[in-house]
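As you go down the protein sequences, you meet chains A and B in turn. For the numbering used here, add 232 to where a residue sits in the first sequence, where the first one is 1. For the numbering used here, add 232 to where a residue sits in the second sequence, where the first one is 1.
Do not rely on the hints blindly, as some may be mistaken.
Unchecked claim - What follows is a list of derived Cβ distance ranges for each label pair: (1) B:259 with A:359: 22 to 30 Å; (2) B:508 with A:402: 25 to 33 Å; (3) A:382 with B:256: 25 to 33 Å; (4) A:505 with B:523: 35 to 43 Å; (5) A:442 with B:409: 57 to 65 Å; (6) A:505 with B:517: 38 to 46 Å.
Stated by the list, open to error - Not close to chain B: a few residues of chain A, all C-beta gaps over 12 Å, as computed: (7) 258; (8) 268; (9) 296; (10) 321; (11) 385; (12) 392; (13) 393; (14) 396; (15) 434; (16) 454; (17) 515; (18) 545.
Hint data in this document are derived by calculation from the structure and do not stem from the laboratory. Where a beta carbon is used, it is the ideal one built from N, C-alpha and C, also for glycine.
There are 2 protein chains.
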Amino acid sequence: MPDTPLSIGVDFGGTSVKFGVLYRSNIIDQAPPISTPDFDGPDALIEAMLRVIGDLRERHPRVEAVGVGVPGFVHFEKGIVHNLTNVPGWVAIPLKKKLSEATGLPVVVENDANCMAYAEWKRGAGRGLQHLVALTLGTGVGGGVVCNGKMVRGAQFGAGEVGQMSIDWQGRRGAYGNLGALEDYVGNNEIGADARQTYLDAGIERHLAECSPAALAKAAMGGDEIALAIWDSVAAKLATAIMNCCWLLNPQAIIIGGGVAKAGDILFNPLTAHLYAQLSAPFKEHLMILPARFGNEAGMVGAAALALEEAGVVLQP
Amino acid sequence: MPDTPLSIGVDFGGTSVKFGVLYRSNIIDQAPPISTPDFDGPDALIEAMLRVIGDLRERHPRVEAVGVGVPGFVHFEKGIVHNLTNVPGWVAIPLKKKLSEATGLPVVVENDANCMAYAEWKRGAGRGLQHLVALTLGTGVGGGVVCNGKMVRGAQFGAGEVGQMSIDWQGRRGAYGNLGALEDYVGNNEIGADARQTYLDAGIERHLAECSPAALAKAAMGGDEIALAIWDSVAAKLATAIMNCCWLLNPQAIIIGGGVAKAGDILFNPLTAHLYAQLSAPFKEHLMILPARFGNEAGMVGAAALALEEAGVVLQP
């Protein structure tokens, strides 16, 4: 292997913390994940993280930086975790400082959806682009924005919350009191609950398990008219939020990843149709609607790539 | 007057073309407007514009650049007008090239809402900010975006179309087939028509003229409950689109200008309330909701300021 710098990407989730060693876009090594809820507060978990990072560095002495993607709100410049969704106790934790002091390496801490967007922009479907919006569709809907060849983090590093954008000014009331938030319609669980109701309305009883995005995609591929209509409705709602990103930012590409995106053409075909029916020529003529390159590893890849860039080690594309 | 460079700002509208000479943020001279529909096609109008520009330069030899704000779609870098709303014949017109060749000066051609946003950012309510969204509320709703200290123009220079952003995925069908476009609810005429209907529903017959934003603001200030409810509804719809800008971009400020914004507190108070009820802490804690500094002159000021900057003449703030 040539003498190219490596970096460690850490994907910090509510269930587990995963570690990978990145060489360009490839994860060349991984450590066994550690279980997030097993640790009694941030200090114990940070100690465990440092042990794993230490093990990986012994195996890979050329590691030059560490990036951590976290499921929550971060002060990117200071590397302070303000708070994490689903991980109690993580309030005002100076994670960057703690990790960099202990390792002697440059460390970045970033929101996980921004890491995914960064991975797609620098190493994935959006390579070389100047303007893009990346979305990840799962239990929640996350996103990241690139304008003028730079990540858009905004005034308090909160930008990219596509899942909170409203598609209905009188819609469902969301987590922050906001009405009509996209993720309250196209999150995994909401798709399932709405689908179950749609089947019920048609006189068909379905278990929720049969209404998962995966099950609905399979049904739609088998020609189930109701499943097709459900995906069309999901696509119409998603198209509204994406359209809003397009009118506001006129990006070159929309990149879509996450579990729900695995429906493939079942989602992308009606999504493209709804977008093309509702955008004017300059906004759609060159617009690319792209599936994400990375899957579950997106956060790890993005965190690792971002860490190298922030450390001043910029790879040739 | 100190020896500071001047620039000419041209506000190209569907009714008239207005010309001003700008010294810093001040219009120090204006030429009589020329009537847009009086000219038979772009060539004749461009000749007339050049005559006025020539007159102004004779009076102000220190003019170093010309900026033109146009009501439509522009290739900013090339200075080509793709097409103009309400001005027939302006299709694929290389306005920058024609004006700069004839005057020997650097020329910029920019969308008028972007000029307004630029004026507010560089000379108005948004001075010194890195992240903002500016809106102008009139017959239509226009906008401009600044992220990371740069104007966001997007892939085809179309960014900032806040008026086309949807507030209802099943809403009114707009000019481009798009459903629920903001300006189809809070444009001047739509406010009037909806207000008239609201009064009718309450058994009160009102002329449309009594339902203008100005008349409704006066009525609301006089304590008219229906008028207050109408403004609350306008504010809720506007808040939805602004909230969407906030979730996506986390700006430091939202700057609001145009005729409808003249309602002042009658609009800004419920608008702020709806925004604060629907944004999480980091998005609203430091968010400024600011009335625009400039009125009708915003486009002229922005075009003139942008022209100087593009010509490399950057003023101290």
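Violated hints, by number in ascending order, as checked against the structure: Hints 1, 2, 5, 11, 12, 13, 14, 17 are the ones this structure does not satisfy, whereas the remaining hints hold.
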